[in-house]
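Colleague: Could you build all of it, start to finish, from the sequences and the hints given here?
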Amino acid sequence: MVFQIDFKSGKPVYLQLVDQIRYAAASGALRLGDPLPGIRPLAEELRVNRNTIAKAYTELENQGVIETVPGKGCFLKENTSPFTKQVKHKLLLTEIDEAVVTAHHLQVDREAFLALVRERVDYFERKSQENT
Amino acid sequence: MSNSTNPVIEIKDLRRSYGKHDAVNGLSLSVRPGRCYGFFGRNGAGKTTTIKCLLNLLRPNSGTVNVFGLNPQREEVAVKARLAYVPDMVAFYPWMSVRDTLEYLASFRRHWNRELEADLLNRFQLDPLKKTSSLSKGQRTQLALIGAIAPEPELLVLDEPTSGLDPIVRREFIETVIGAYQSGDPEHRTVFVSTHLISEFEGLIDEFTIIEGGRELLTMESDQARDRFRKIRARFAQMPTALNLPGALSVKQNGREVEVLANGNSEALLEFLKARSPEELRCESLTLEEIFVASNILKKGNA
Chain R
5 MVFQIDFKSG KPVYLQLVDQ IRYAAASGAL RLGDPLPGIR PLAEELRVNR
55 NTIAKAYTEL ENQGVIETVP GKGCFLKENT SPFTKQVKHK LLLTEIDEAV
105 VTAHHLQVDR EAFLALVRER VDYFERKSQE NT
Chain P
64 MSNSTNPVIE IKDLRRSYGK HDAVNGLSLS VRPGRCYGFF GRNGAGKTTT
114 IKCLLNLLRP NSGTVNVFGL NPQREEVAVK ARLAYVPDMV AFYPWMSVRD
164 TLEYLASFRR HWNRELEADL LNRFQLDPLK KTSSLSKGQR TQLALIGAIA
214 PEPELLVLDE PTSGLDPIVR REFIETVIGA YQSGDPEHRT VFVSTHLISE
264 FEGLIDEFTI IEGGRELLTM ESDQARDRFR KIRARFAQMP TALNLPGALS
314 VKQNGREVEV LANGNSEALL EFLKARSPEE LRCESLTLEE IFVASNILKK
364 GNA
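Respectively, the protein sequence lines represent chains R and P. Just so we're aligned, residue 5 is where the first sequence starts under our numbering, counting upward by one. Just so we're aligned, residue 64 is where the second sequence starts under our numbering, counting upward by one.
The set of hints was computed from the structure by calculation and includes no laboratory data. Treat the hints with care, as some may be off.
[As the list claims (entries may be wrong)] Derived list of chain P stretches under chain R, where covered just means 3 residues or more per stretch with a C-beta under 8 Å from a C-beta of chain R:
1. 126 to 134
2. 139 to 149
3. 244 to 250
4. 267 to 273
5. 283 to 294
Even glycine gets a Cβ: it sits at the ideal position worked out from N, Cα and C.
Modeller: In structure tokens, the structure reads:
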């Protein structure tokens with residue numbers, strides 16, 4: 005997979021990597037058991053500190069997205085979030101709220117916003133099916 | 064032996080003058096192991112003087128400098144055995160070949176990784192039989208880098224390492240520092256780099272100090288700095304009169320457009336601008352290089 009780092013996004017670099025790997029997993033670009041790039045080659049390629057990559061992988065491991073097999077590297081894990089339903093909803097709410105606020109400022113109305121959400125969910129489902 | 068939580072470099076209230084001119088005037092900083100620490104400053108800000116005090120090439124007038132918890136003046140050999148230094152101008156004995164030079168450098172070291180040396184020679188396509196006098200500036204820097212990395216030191220001190228090099232050599236240089244050096248034993252590989260080609264090192268720098276007039280102007284984690292310093296651009300249908308922005312670092316206005324630099328208060332500034340219904344509103348982080356430039360405004364603000 006190809007990563008894109010943007011220092012101007014205001015998001016810490018390690019979180020950008022976390023997001024992109026989660027995106028790849030959700031869209032099926034990365035599949036169950038697929039290996040993630042090694043820390044060193046990825047750090048060299050992106051010209052970022054290897055600590056940054058290691059931090060991103062640790063974060064993904066804590067979130068239950070990947071697992072580390074000693075001596076072999078990191079692999080995409082079966083989608084079993086360790087969070088309870090309540091926590092999952094709470095995590096999502098913050099992100100949804102942000103989108104709702106942005107929609108308000110862009111004067112995107114309720115119907116158009118909900119339609120967009122449906123469209124994106126469909127998109128990921130479609131992509132994920134194409135990739136399996 | 065220093066344990067891993069002790070700082071690799073610790074400078075406290077360092078002062079060093081040349082005659083009446085104070086090159087370094089009360090500088091303090093601390094570098095933890097395993098980090099890549101950026102040391103930014105304009106020409107003449109005191110970067111090289113500070114580095115020379117770390118290496119005992121200069122003696123401080125006052126203040127303390129510790130490397131691995133040792134005083135480089137009293138325990139010069141013990142300190143230098145554990146670090147390597149790449150200056151901006153590298154000089155080799157002109158009659159020696161690349162091979163001779165590496166053998167010569169290796170003779171001073173307790174440990175030398177031959178495999179790593181061979182890998183890097185191959186990667187940089189350096190001919191071991193070539194005389195150093197016929198190397199280009201880029202090749203000289205590459206040779207200096209091999210000489211610095213092959214002994215696998217705990218600390219790599221780089222003073223303007225990539226100035227005057229072409230973009231491809233610069234990229235390779237940085238990739239080598241990340242890959243061949245840092246990945247060898249990440250917990251114990253510390254980089255201290257002074258540069259003003261900051262954008263090249265953007266992804267590598269964990270933490271940095273900006274030095275100005277021999278004093279520390281700003282010390283921060285890179286992620287924290289990019290979060291704190293932001294540039295907001297807004298365009299209005301009609302420029303509001305009395306656009307008095309509370310606490311903005313700087314405000315530039317051009318017709319109906321305004322560009323605001325925020326120093327930790329971007330949320331408040333965004334709200335303030337949003338309330339005046341802009342046609343367009345964008346916010347992005349400053350890069351480390353832009354933060355370096357903006358730090359000049361901070362300085363004027365403090366004065």
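Colleague: All the hints need checking, so say for each whether the structure fits it.
Modeller: Structure-based check of all given hints:
Counting residues of the segment 126 to 134 of chain P whose C-beta lies closer than 8 Å to any C-beta of chain R gives 0; at least three are required, and the coverage claim is violated. With a cut-off of 8 Å between beta carbons, the segment 139 to 149 of chain P has 0 residues touching chain R; three or more are needed, and the interface restraint is violated. Judged by the Cβ-Cβ criterion of 8 Å, the segment 244 to 250 of chain P is covered by chain R as claimed, because 3 of its residues qualify and three suffice. Evaluation of the coverage hint for the segment 267 to 273 of chain P: fulfilled, as 3 residues show C-beta separations to chain R shorter than 8 Å, against a requirement of three.
Counting residues of the segment 283 to 294 of chain P whose CB lies closer than 8 Å to any CB of chain R gives 4, which reaches the minimum of 3, so the coverage claim holds.
Hints 1 and 2 from the list above are not met by this structure, while the remaining hints are.
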